[in-house]
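So the sequences go chain by chain: A and B.
Those letters in the first sequence? Residues 1 to 414, by my numbering.
Those letters in the second sequence? Residues 1001 to 1375, by my numbering.
Some clues are possibly wrong.
As the list claims (entries may be wrong) - SDA-like mimics (lysine to any residue), calculated; alpha carbons at most 20 Å apart, straight line:
no. : chain 1 : residue 1 : chain 2 : residue 2
1   : A       : K402      : B       : S1268
2   : B       : K1129     : B       : S1193
3   : B       : K1372     : A       : E270
In short, the hints are calculated from the structure, not lab data.
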Amino acid sequence: MNFDDTPQEAAFRETARKWIAANAPKEFEQELSKSSLGRIRLAKHDMVEVGKAWQKKKAEGGWACLHWPREYGGRGATPIERVIWQQEEGVYGKLTQPFQIGEGMCGPTVMAWGSEDAKRRYLPKLASGEEIWCQLFSEPSAGSDVAGLRTRAEKKGDNWVVNGQKIWTSGAHYSDYGLLIARTDPNVPKHKGLTMFFLDMKSEGVEVRPIRQANGMQEFNEVYFTDVVIPDSQRLGAVGEGWSVSLTTLMNERMSIGARLATGVPEMFEFCSNLMLEDGLAIDDPAVRSKLASWAVKSSGLKYTSYRAISALSKGERPGPENSIGKLVSGMMLQDIATYAMDLQGAAGVLTGADEETVHGQFQQMLLSSPSMRIAGGTDEILRNIIAERVLGLPGDIRVDKDVPYNKIPTKGR
Amino acid sequence: MNFDFSDDQKQLRDQARKFLAEKCSPKAVRVVLDGKAPYDKELWKGLAEMGFLGVAIPEEFGGAGAGHLELCVIAEEMGRANAPVPFSSTVYLAAEALLIAGSDAQKKKWLPAIASGEAIGTLALFEGKGNPAPKNVKLAAANGVLNGVKKPVADGAIADFAVVAARTGSGGRDSDISLFLVDLKAGGVEVKSLTNLDPTRGQAEITFRDCKAEPLGAAGEGWSILAQVLDRAAVLCAFEQVGGADRALEMGRDYALDRIAFGRQIGSFQAIKHMLADMYVSATLARSNSYYGAWALSTNAAELPEAAAAARISATQAFQHCAKNNIQVHGGMGFTWEFDCHMYYRRANAMALGLGSLSYWEDQLIDRMRKKNAA
Chain A
1 MNFDDTPQEA AFRETARKWI AANAPKEFEQ ELSKSSLGRI RLAKHDMVEV
51 GKAWQKKKAE GGWACLHWPR EYGGRGATPI ERVIWQQEEG VYGKLTQPFQ
101 IGEGMCGPTV MAWGSEDAKR RYLPKLASGE EIWCQLFSEP SAGSDVAGLR
151 TRAEKKGDNW VVNGQKIWTS GAHYSDYGLL IARTDPNVPK HKGLTMFFLD
201 MKSEGVEVRP IRQANGMQEF NEVYFTDVVI PDSQRLGAVG EGWSVSLTTL
251 MNERMSIGAR LATGVPEMFE FCSNLMLEDG LAIDDPAVRS KLASWAVKSS
301 GLKYTSYRAI SALSKGERPG PENSIGKLVS GMMLQDIATY AMDLQGAAGV
351 LTGADEETVH GQFQQMLLSS PSMRIAGGTD EILRNIIAER VLGLPGDIRV
401 DKDVPYNKIP TKGR
Chain B
1001 MNFDFSDDQK QLRDQARKFL AEKCSPKAVR VVLDGKAPYD KELWKGLAEM
1051 GFLGVAIPEE FGGAGAGHLE LCVIAEEMGR ANAPVPFSST VYLAAEALLI
1101 AGSDAQKKKW LPAIASGEAI GTLALFEGKG NPAPKNVKLA AANGVLNGVK
1151 KPVADGAIAD FAVVAARTGS GGRDSDISLF LVDLKAGGVE VKSLTNLDPT
1201 RGQAEITFRD CKAEPLGAAG EGWSILAQVL DRAAVLCAFE QVGGADRALE
1251 MGRDYALDRI AFGRQIGSFQ AIKHMLADMY VSATLARSNS YYGAWALSTN
1301 AAELPEAAAA ARISATQAFQ HCAKNNIQVH GGMGFTWEFD CHMYYRRANA
1351 MALGLGSLSY WEDQLIDRMR KKNAA
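Make a model of the complete structure from these sequences and hints.
So this is what it looks like as structure tokens:
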């Protein structure tokens, strides 16, 4: 048992480190290391522009999407090399946020299901950040039950005509392309009537509207489709195979190993170390210590769970299912920590401004944003189902709509 | 990075699992649970023959001279099997105290006897309620004899010798405590068995009356030795707890697949699935924290105190959580004496107190994290 690199890994790390030292946009280092929770914002620069510049530079140096094959814009790196790169990229990795959906989900789906022409045309530009992709899956009435989606695609000659609405699309407003799943046959059971496409987000009939979220911010979008034409050449997989294709995408979503999720623990530890309560420092209070300790071991447990996955990659093995616990643990923890930090602040905890006694409202912001951590990318409940079914081997849910044609499924309760 | 056990260590784990599945069935555990024997002597002998008792004891003292990582994988299996033997008292506490502080003569006398299964050892630390702290040690040492009462002493009624924490100074400082080695068969002690949560691991009260004792380690060093022993034992116990948690989770999973209610497997209900998923989450966090503890233990890293506390807390929580919810998944049957669920529930809750309570270790962890942050 050790934490050391193999000689090859060490050599790779050294190469990556040198390249980063010579090329990273150091002027943003401080600002990036400060923003630890939620979306990243730069005070005087546009995040997407700065991100694109960094991504382009990486692509020129052979460091963008490095685990992809060279012909599609990658470096042909091994999974462990990808992890090492992420470790070395450090805070600059935050600049890749606009590209993560494309790199993590859309790209792999095109790679698995696209034609050779499509792969050569789209993947290198996706990798270099020149073209940004978004994912158009969720709908107002199809969240966890995404296969219940309503957006229709109808065949007209060599084209498809799309009508409907998507929601919770990150980055739709700056994306060039979108990966779209739509219903092509409402007369068969829901999973069987879906087809996957990709489309130019500048197509006529696509309208992107920002959503104002419960925390007051606008980070996601609704996307409306009105008679949007998509050529059949932009279909991924067979007609009616959309569900299988989407599983490639979703599987990739859950494979991002080594991506450290924010837990709120370092912020909370620091806060309690400095906060004066009536009887002394918060961190000297037994009740505070007990809670802090429980959170700390969850956070360290997640860290070492990811180390176990990295070790498996290093040996060329497939990591076990342990990594599926990350978001489930950290999402709930963020919310609990925020609530408790505010409890310690007492009356002042209600304030959300840049007050000193509330450490600039960071926990208030965490409180208001944390519900999304428990919903986006699979709700806590869906994640528990996945663990129960795929890891523990428990039976799937009994699905009453499984064999019912989609257009016969009830759409409203009561 | 190779944050995993080696193939040889995994093989040893499989070997231990196989051995215990054969020699330590729930039926065998129940002999001790039902009070028909104080511990499983046959199993103890078998563990010695397999070389498990001395796996981390150097060869020159009769052990296998492997190491602590090897001991960790065996500990996990001991926990999984709920083994009714004085393994933790003898191997994690007494043997480790000897390894850390014993003189050559003391090591030669006791370590080979531990490895061969001839001697059972324990640590006599607690004196009634309270957690490990110098001020809670009242038992007095003077002129080579001990006077006072220790309770509870794990496996005290079957132990041949004990490492005893005694007061040699008058205050509450670490340096007021020294350790002594006592041959419990040599007189001067009165041993009384006490009923306890987990009858598969006995607890006793030991009264020392002008009992002869030899110092273990230097005078006034007792607390600092003890702190090291407790850290090591915390990691090793964490592996037992991880093994127990995994077994409780498996039992719950298996029952959920087997039991039909409302016309379907109860494991198809989300209320049950989600409970089991949460058990998996806590067991996984505990395992990962324990692996880090194992690394720190095996390399004697400066991180050991923090890693040990984290492993202890995480594993205690996981075992309690899994054992409790295993009963819940089983419903009424889980509350019968006949089903094995309560054996793990008992063990989980007894282990949670054995080296100091959960809140004690939470306190320790925060202290140790602060020390690291300050450094």
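Within 20 Å, alpha carbon to alpha carbon, are B/K1372 and A/E270? Roughly 13 Å between the alpha carbons, so the hint for B/K1372 and A/E270 holds.
Measure nothing beyond the straight line between the CA atoms of B/K1129 and B/S1193; if it is 20 Å or shorter, mark the hint as holding. Satisfied, since the Cα-Cα distance of roughly 17 Å is no more than 20 Å.
Does B/S1268 lie within 20 Å of A/K402 when you go C-alpha to C-alpha? 16 Å, holds
Hint compliance for this structure: no hint is broken.
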